[in-house]
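Colleague: Just need the whole structure built from these sequences, with the hints factored in.
Quick note, the sequences are listed as chains D and E, same order.
UniProt numbering puts the first sequence at residues 1 to 410.
UniProt numbering puts the second sequence at residues 1 to 439.
No wet-lab data here; the hints were simulated from the structure.
What you are looking at is a predicted structure, and each value in this text was computed from that prediction instead of being measured.
One thing to keep in mind: the hints can contain errors.
To be verified - Short derived list, chain D residues pointing at chain E, Cβ under 8 Å: (1) T16; (2) T27; (3) A62; (4) L297; (5) V299; (6) T300.
For glycine and all other residues, C-beta sits at the position ideal for the given N, C-alpha and C.
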Amino acid sequence: MDILPILSTLRRHKLTAGLLVMQIALTCAIVCNAVFLIGQRLQRMDLPSGVAEHELLQIQVADVVKSGNPYARVQEDLALLRQVPGVQSVAFSNQVPFGGSSSNGNVLLDPNQPQRTLNATTYFGQNLVPTMGVQMVAGRDLQDDDFVDVDTALKGLKTGDTKSLPHVTLITRDMAERLWPGQNPLGRLIYLTPTVGLRVVGVMASLVRPNAYDANTAQYTMVIPLRMGADRGMSYVIRARPQDRASVLAAALAALRKADPQRIVTTQRSFDEVRRHFFRDDRAMAGILVGVIAALLVVTALGIVGLASFWVAQRRRTIGVRRALGATRSDVLHYFQTENFLLATIGIGLGMVLAYGINLFLMQHYELPRLPAIYFPVGAVALWLIGQVAVLGPALRAAAVPPVVATRAG
Amino acid sequence: MFTYYFDLALRSLKRNKVLTALMVLAIAVGIGASMTTLTVMHLLSGDPLPGRSGHIYYPQVDATPAGYTKGGPLDMLDYRSAVDLWSARRADRQALIAGSDVKVSAPGSNQPPVMRPMLATTADFFPMFDVPFRYGSSWTTADDAARARVAVISASLNDRLFGGRNSVGRTLHLKDSDVRIVGVLDAWRPSPLFYDVRGGRFAQGQTAGFYGKPEDVFMPFFGALEVNAGNFWQFTCWGKVTTPGRLQNQPCVWVGLWVQLESASRAADYRAFIASYAREQKALGRFAETRVRMMHLMQWLDFNHVVPSDVKLQTWLAFAFLAICLFNTIGLLLAKFLRRGGEIGVRRALGASRRAVFAQCLVEAGVVGLVGGIGGWLLTLAGLWLVRRQPVEYADMAHLDLGMFGVTFALAIAASLLAGVLPALRASRVTPALQLKTL
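Modeller: In structure tokens:
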């Protein structure tokens, strides 16, 4: 296909051709970045939790009547829940992965250092690791004799009696790697305050923060052997087979209500819902971006259809002359297709530069990583395809122009 | 003349329906997308207290140990500093605030008890923030001092517990105490919930939570601390907390102080006052730092980056989208005008000036904008309907007000005129002789 005549024609329609190129360039730049943003959101929504999400249920209770020993009440509730048919394991936790609100502590390696080494989330509660299905990669799980009642620990903090404080902790592999890169973390000490030293006895493969907004620190997690009494905001975490979860949840709620009708259940959901809820903004944003990309491509395609139709109508006579001089229908068809391909290519070239510029802007304002090169061909292929599809109609109409047009005046 | 151009424009637009429809569609889609996001931006970045936000300030001092924070003071105050500053009564109005969830029930009501957010505050809160009352009124400063067991409740809680009837004088059961209702709020939905905004710069743009609903229960500050002891929320603590939720003597910041200062000189005086307070506390050994900060309301909202970064990103996207739609429209208008070279040539030959041709083309572009604006308005309504279905705190507030309705059409016509300038210029430069020859 000879492209020189196409170029000379385009030179005579600089303005319209330029506008089309600009439109393709802008669309290409935005599509590249939008696809990249969607990828980022999807990647975030895939953040691993480290727990057996499809087997877990959360029941959060708010305010339990004050009468009686709160620790005994928890044990009674746990015993009740264990008897619910289908329940495999039950734990009582101060927070849940992706639950949103998180208890955090500043971790020091040296009790006298002025600034924290890192900020980690702290899970409390018995039986957490087996119930949530957390994988241990080194050391041991917490044992019954590690545990200390929260009130005893608080009293110990007040009086400075370190004996009544917990002495050991579990940490995640990511956190161990951040604190002691390449070394064995077992047996090492970390400090939450200068007086509270905890010895690492076990390393978990993964256990995500309740408020995992930043993927880099999402796995900085400790499990501390504190036994909690019935109090506001704590959650019962129940493990059951995936297909039993709905019936187990209903039965568990009924059992808890029967034991204390005054109790307020603030949250009752499966862990699938916990994850869905936590990432709802990301899902919504990804949906909006998909919509924007679709709308953009449609608008651009319509623009190409409009301009191509105009050009075909404008060049009707020229087409007739070419046909009369021996050009075949497919020659005319290819002419318009090649013209569109050329324009799209120039637009895509410009669009790449623009996409890179937009990415720089986003990196500055939204803490996004650099646009990987893989996204550039995505935009290019999309626009080449859209261009060819859009121009097909007008080009076929051009090919249908009969040679006899050449002989007519006008 | 305008009506003639208008008539010409309509004729011309009717002649090539496909091209016209494409242009109208491009403008409508672009306007619909940008107006949807602009309406959300307008809603989220507006002034929650128009006319008085410039007089509302958020004073802060720093009670943390040396080297604990790098920047300025933390976002809230420790109990003692807050109460000291509040009791000094150096401002025209001042209100303490602290948040908690409280178990609420109404004696004699068959509704089960529920957990509801409660704001512990002082009497000035209501007049300072212009809070509307449906029944009754605020409590008095005497009630603050007396730790009175009284409460103001929201309209929605009143609907739930008392079926919307006047419940002033009725009893409300909060945790283990009975309090008397003295006031019921009217519908009140500040955007953002400005007095509870804090910590936004640590939220990594996830600030949609600042647009939630106001608390359902309001109680005199010191009374509330007793009634709901053990349940108060801290902003953050710099040492171990030994009595969680009962934070008066804990190393925590958890109380906010809002003050109203009617003039710049009053504000300068107050700034000097908190600075001298910080120096005095440092001399006493209670403070390690003398850093203070006092921003007015809008500065504070800005400091906390209240507008969620997703919404800003959507706005950028929408305007880039509008730009593409405009390029599209420019191209199509150009095609349309140049195709009519012959007609324009005749008009020019018959004496029409370039200006007249230019004006006529612009009127045609404007008509496209107007029709596109109607489409854009409908698409904006659809877009806002979609926003309302999103799981975000501000969803229920996303409506098109009269101002934004006007902006929709202004933007549509402005955009189409902008798109029309270049094609109209080209059209007005048509050489009559050349065109007439080819006719």
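Colleague: Interface hint check: A62(D), Cβ to nearest Cβ on chain E, cutoff 8 Å. Holds or violated?
Modeller: holds (5 Å)
Colleague: Does the interface hint hold: is T300(D) within less than 8 Å of chain E, judged Cβ to Cβ?
Modeller: holds (7 Å)
Colleague: Using Cβ atoms only, decide whether T16(D) comes closer than 8 Å to chain E, and label the hint accordingly.
Modeller: With Cβ-Cβ at 6 Å, under 8 Å, it holds.
Colleague: Are T27(D) and chain E close enough, Cβ to Cβ, to be under 8 Å, as the hint says?
Modeller: holds (6 Å)
Colleague: Given L297(D) was flagged as interface, is its beta-carbon under 8 Å from a beta-carbon of chain E?
Modeller: Constraint on L297(D) not satisfied, violated at 10 Å.
Colleague: If you take the shortest Cβ to Cβ gap from V299(D) to chain E, is it below 8 Å?
Modeller: holds (6 Å)
When the structure is compared with the earlier hints, a violation turns up for hint 4 alone.
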